[in-house]
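For this one, chain A is given, so just place chain B on it according to the hints.
2 protein chains.
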Amino acid sequence: MILNETNSPKTPKKLSELKLPSELKTLSIPQCKELCREIRRLLIKVVSKNGGHLSSNLGTVELSLAIHRVFESPADKIIWDVGHQSYTHKILTGRLNKFSSLRKENGISGFPKPSESVHDGFISGHSSNSISAACGIARGMKLRGDNHHTVVVIGDGAFTGGLAYEGLNNAGKSNDNIIVILNHNDMSISKNVGALAKYLSTIRSKPEYLNTKKTVEKILDSVPSVGAPIKKAIVTSKSALKGALYHSTMFEDFGFVYLGPVDGHNLLETERALATAKSLNKPVFVHVNTVKGKGYYPAEQNPGAFHGVSSFELFAKNPEVISDDSFSAVFGKELTKLAKFDKKICASTAAMKYGTGLQYFAKQFPQRFFDVGIAEQHAVTFSSGLSSAGMLPVFAVYSSFLQRAYDQILHDSSIDNKHIVLAVDRAGFVGEDGETHQGLFDVSFLTTIPNVTIFSPSCYEELSHCLVTALYDTDGIVAIRYPKGNDTSSFDKSDINADFVYTGKNNSTLVITYGRIYENAVKAINITNYCDLLKLTKIYPFENDVIDIVEQYDNIIFFEEGMQSGGIAEHLISSLKHFPKNYKIVAVNGYVKQASVSRQLEIYGFSVEKMIDTIIGVTDEKA
Amino acid sequence: MILNETNSPKTPKKLSELKLPSELKTLSIPQCKELCREIRRLLIKVVSKNGGHLSSNLGTVELSLAIHRVFESPADKIIWDVGHQSYTHKILTGRLNKFSSLRKENGISGFPKPSESVHDGFISGHSSNSISAACGIARGMKLRGDNHHTVVVIGDGAFTGGLAYEGLNNAGKSNDNIIVILNHNDMSISKNVGALAKYLSTIRSKPEYLNTKKTVEKILDSVPSVGAPIKKAIVTSKSALKGALYHSTMFEDFGFVYLGPVDGHNLLETERALATAKSLNKPVFVHVNTVKGKGYYPAEQNPGAFHGVSSFELFAKNPEVISDDSFSAVFGKELTKLAKFDKKICASTAAMKYGTGLQYFAKQFPQRFFDVGIAEQHAVTFSSGLSSAGMLPVFAVYSSFLQRAYDQILHDSSIDNKHIVLAVDRAGFVGEDGETHQGLFDVSFLTTIPNVTIFSPSCYEELSHCLVTALYDTDGIVAIRYPKGNDTSSFDKSDINADFVYTGKNNSTLVITYGRIYENAVKAINITNYCDLLKLTKIYPFENDVIDIVEQYDNIIFFEEGMQSGGIAEHLISSLKHFPKNYKIVAVNGYVKQASVSRQLEIYGFSVEKMIDTIIGVTDEKA
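Chain order of the listed sequences is A and B.
Quick note: to get the working numbering, add 326 to the position in the first sequence (first position is 1).
Quick note: to get the working numbering, add 326 to the position in the second sequence (first position is 1).
Hints in this document: simulated from the structure, not taken from any laboratory.
Treat the hints with care, since some could be wrong.
[Claimed, not checked] Covered stretches of chain B, as calculated for chain A (at least 3 residues, CB under 8 angstroms): (1) 459-470; (2) 482-489; (3) 706-720; (4) 773-779; (5) 917-930.
[Claimed, not checked] Pairs of lysine to aspartate or glutamate, DMTMM-like flavour, derived with a Cα cap of 20 angstroms: (6) B:907 <-> A:877; (7) A:524 <-> B:877; (8) B:430 <-> B:512; (9) B:499 <-> B:512; (10) A:903 <-> B:877; (11) B:670 <-> A:877; (12) A:468 <-> B:668; (13) B:903 <-> A:880; (14) B:907 <-> A:472; (15) B:375 <-> B:360; (16) A:499 <-> B:512; (17) A:907 <-> B:364; (18) A:919 <-> B:742; (19) A:663 <-> A:651; (20) B:524 <-> A:877; (21) A:907 <-> B:877; (22) B:669 <-> A:472.
[Stated by the list, open to error] Here are a few chain B residues that sit away from chain A, every Cβ distance over 12 angstroms (derived from the structure): (23) 343; (24) 422; (25) 522; (26) 589; (27) 649; (28) 670; (29) 693; (30) 811; (31) 815; (32) 829; (33) 858; (34) 871; (35) 878; (36) 898; (37) 900; (38) 936.
Every residue, glycine too, gets a C-beta built ideally from N, C-alpha and C.
If we strip away everything but chain A, and leave its shape as in the complex, we get:
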């Protein structure tokens, strides 16, 4: 049924008429093609409105269909790596009606989420974890006597992360039912980088590269009388030649059967490869070529620009990924300015050149700019290496992804007290990307590591000031954390410094805060008018001045846009010699679900109104 085009009906089917995903298997190829068109229209419509990942999803429409026509989800487990390319999969697995709520508060997630659907095999907001998860799921199923398959879809970008190799190394030897589908579009978020990308592209562009055996035989066949015996000699020999002819790709070296490359927009070809993979009952690697942005001309032409986007005008040609008016851009431009005068400054990104604002630096100083792939561990250790060689390295990274380099910060940088600067972007709430992407842990995990100083600027001017302080007036590891988006602050900026701002008016209650929410704290303080305010810019470690100020107060309220456990408020209270009478921490506990940043600020108590409520509550209590 699946692979036979001739016996299929020609009547077009609509998504809404089908029982999904099971009835996909009953469709003809022409019906599937029609369905792909419908899905693409839906993707463009919803993403243009809600924001999200467009190009990668346009590239995986046929692949998603093929997977669901060949496999039986949820009995077969499907895992999408990084997962932002799983929209079609979501549409095909019971979430068509909710699809317009994509990335909205209480809506469906922009990433696979097992708690949202049994069809989402594993959580996947961070890259490169899929093969390792599949190893566990496949072995678990086998141990329970379940012979279904675990299917991974992983992009070539995710292959730049080391965890993918740890997974390959273990999957290849397992003999379990693991199918790894390489979704190869030559892109992660920026243009893909590294030696592997080049290697994969060779395979992609020259499929005959793999057919060495056939090529040799063809050449030998062309020499009738002598070729045949040589051919026989080669095939029967125990020599290395035979091994080399049968061992064509790195993935076979890792113990996989390799199939491909196939055209991922050709349904029939893709389904044939997947059906073969399924039939082998062992680790199989299927190489699928796709075009990012397929079917939407502006995205095909400029897929990077459409990678992760806010809502955009459907027919606009180049929706910007980051605005010039953003903390990221201010950081990027400031660093570029400083690097003109200081040749020691180097900058790295883990596949987020545009997202972190480093495109300015990259253009001006290509020799000192490094896009290392989705390899945060490498970026930190590499930066420590640069520091060893006398350079001044800056690694710009989203807070949520810096988590991946905890040991490298500790072992490779901190023990030897290397001077490296971490530009921690997207710190705090990040909005619609949800639980997996919140930048709420960096303060907690960085403060567990010795020799770390953390700055948390509240406006562009402070960011620039902190960057200079971090580079030239601070030792060891220096993190500067700043939020996603732009600076809308209106607080008094006459005293820009990298330490703290204190407004002491002899009240008995002190409000302490830092970062973006200082703006709201100023407003709340001004409205209530009976609290003093301490705003930290250098948030850790604490200067004696800060401790002295805090110890003057009977009542302390701490607003912290970050995790409570291990956050600055906890560190501060346990640094005091004299405890306040009342102490209230407003910070984050548990995981923060998708919603707009302003809603998240409100939900967790950081809107002006909520701050006022807290202040009144605490001061009432003491009265």
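Just chain B, lined up with the frame of chain A:
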């Protein structure tokens, strides 16, 4: 001079007669061989007395010599991955006289340590970071106009860690002067595992595997009249065949020039390969075969047993890596017992089967046992996958190495609240391995992650009890942390439970502690006789009972064998509604240098005497 054996003097030279490392270059091969014998005698003598890594160092004697004869340290940077195989390097670079102080308090480190010597290119107590560090150092040097080389020595074991691939992927494309020497002995700590190990062994055992080009040509040459034109056709063709013939190893796919494999105990052969590598001025991969334990019969026969050892009888055949009387063995046996009755229990290790006591489990349940290589990230994500498939996974890992999986615990396990058990071995001070191996951070970083429960048993009986509680009575991620070595406790064990032990006698001072040092706290309390004692077994999160007890006291003293920043004491103080009048935390700040565990306990205030001093100090203060 280096490569010419004929013009060399035959007089043997002693290490003590040479200016090292520079005069190594003046020696003849026979002189070098004599030196190797002297070095091996010294290694066996010192390691048998001080403990340390014997087998790996016996395997790298000639390689170390060859490196220092071909390169110019410290102008050329030499980085040893993991670094426990760098003893000969240390002897050859100015540390001969101090070598008998190896791993002792104030002595030289068992790992490369840039703060100890300019010849140690990068810190390396944790595996797989070398290539990334080399990328940074090599590029830093190039940017400064320095054309010296950065030389990495990395074992095949370290190649199972994903960071090594992130490094390869970036090094291969760099065109910088990076030489990666694979020290291939088919072992990491346990017998090496995974698909890659098999691949490397194929190359190791069949060097002709690589000479495909030569093999083809030889076959063709054997057919005189016809072979030549075919050969020409192949060589001049643009076909895939040519590519395949020149692309023989994975490392070439990553952009390296590949040299080898060479016999790492043949000085001349090894030096020739290194000299060629040096001359190419681009990324080169040199494959060197060595024999772990070379030159000491018991270690050659049983290299695993001599990997990391305490001092041992020189002629004993099989010094045990872990004693049956250890927390590790008790854990391993208890888990094996439970797994007989529960087929869902699975166990993983990251190349530490013996060190973690999992050899018992591995033997009985090979289908449910997984040695994933030095791949802690994979182990955690894999465990979460197993949990997804309904299994009950336990990952046994040294505290210091668990740091490498911070993001996997958070993203792959915690967000979806997977039930996995982390058996955190070597928690607390670890003694002679020094700064890079201390198990002092796990509590701080694990408590930043939601859905984590931590137990810290103080004796074998509590460990067994906590393991059952973790598996069957606790949700989410459960860590059980226990120290290196054996249980010497004598405290009252009539109330074994997984919560807490409280001895309340209406004193105004409460001492709080957990883990191994509870034993000393009991003694200190009994001697001083005016404090109450609260011992936590479930150390996080806190039950209300615990908070209620603590809030009764005016004076609190917290003894914590772990980092102060983000530790249990800090969390506890900031969980109180009513603060004590006095609060004293005795915990660890900064990095702990090598010494015996008992000395480390004393230095940081956890010996009975030091605890008494603290108690008297605090109670005097309040009086």
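Results for each hint:
1. 459-470: That given contact holds, which follows from 11 residues of the stretch 459-470 of chain B lying within Cβ reach (below 8 angstroms) of chain A.
2. 482-489: The restraint on the stretch 482-489 of chain B holds, since 4 of its residues have a Cβ under 8 angstroms from chain A and three suffice.
3. 706-720: Result for this restraint: holds, n = 12.
4. 773-779: Since three or more residues must qualify, the claim that chain A covers the stretch 773-779 of chain B holds, with 4 doing so at under 8 angstroms.
5. 917-930: As far as the stretch 917-930 of chain B goes, the hint is violated, because 1 residues have Cβ atoms under 8 angstroms from chain A.
6. B:907 <-> A:877: Measuring from Cα to Cα gives roughly 14 angstroms; hence the hint holds.
7. A:524 <-> B:877: 63 angstroms, violated
8. B:430 <-> B:512: 30 angstroms, violated
9. B:499 <-> B:512: Cα-Cα ~27 angstroms, so violated.
10. A:903 <-> B:877: 17 angstroms, holds
11. B:670 <-> A:877: Distance ~53 angstroms between residue 670 (chain B) and residue 877 (chain A) Cα, so the pair is violated.
12. A:468 <-> B:668: 16 angstroms, holds
13. B:903 <-> A:880: 14 angstroms, holds
14. B:907 <-> A:472: 60 angstroms, violated
15. B:375 <-> B:360: Judged against 20 angstroms, a Cα distance of about 23 angstroms means the pair is violated.
16. A:499 <-> B:512: At roughly 16 angstroms apart (the allowed maximum being 20 angstroms), residue 512 (chain B) and residue 499 (chain A) satisfy the hint.
17. A:907 <-> B:364: Status violated; Cα separation ~69 angstroms.
18. A:919 <-> B:742: 13 angstroms, holds
19. A:663 <-> A:651: 17 angstroms, holds
20. B:524 <-> A:877: It is violated: about 63 angstroms lies between the C-alpha atoms, which goes past 20 angstroms.
21. A:907 <-> B:877: 14 angstroms, holds
22. B:669 <-> A:472: Holds, at roughly 15 angstroms.
23. 343: 33 angstroms, holds
24. 422: 24 angstroms, holds
25. 522: Non-interface label on residue 522 (chain B) violated, nearest chain A Cβ at 5 angstroms vs cutoff 12 angstroms.
26. 589: 19 angstroms, holds
27. 649: 28 angstroms, holds
28. 670: Violated: least Cβ distance 8 angstroms, not greater than 12 angstroms.
29. 693: 7 angstroms, violated
30. 811: 23 angstroms, holds
31. 815: Correct as stated: the minimum Cβ-Cβ distance to chain A is 28 angstroms, above 12 angstroms.
32. 829: With a cut-off of 12 angstroms, residue 829 (chain B) remains clear of chain A, as the shortest Cβ separation is near 24 angstroms.
33. 858: Since the minimum Cβ distance to chain A is about 20 angstroms, residue 858 (chain B) lies beyond 12 angstroms and the statement holds.
34. 871: 20 angstroms, holds
35. 878: 16 angstroms, holds
36. 898: Check fails; 9 angstroms does not lie beyond 12 angstroms.
37. 900: 4 angstroms, violated
38. 936: With a cut-off of 12 angstroms, residue 936 (chain B) remains clear of chain A, as the shortest Cβ separation is near 21 angstroms.
Of the numbered hints stated above, those contradicted by the structure are hints 5, 7, 8, 9, 11, 14, 15, 17, 20, 25, 28, 29, 36 and 37, listed in ascending order.
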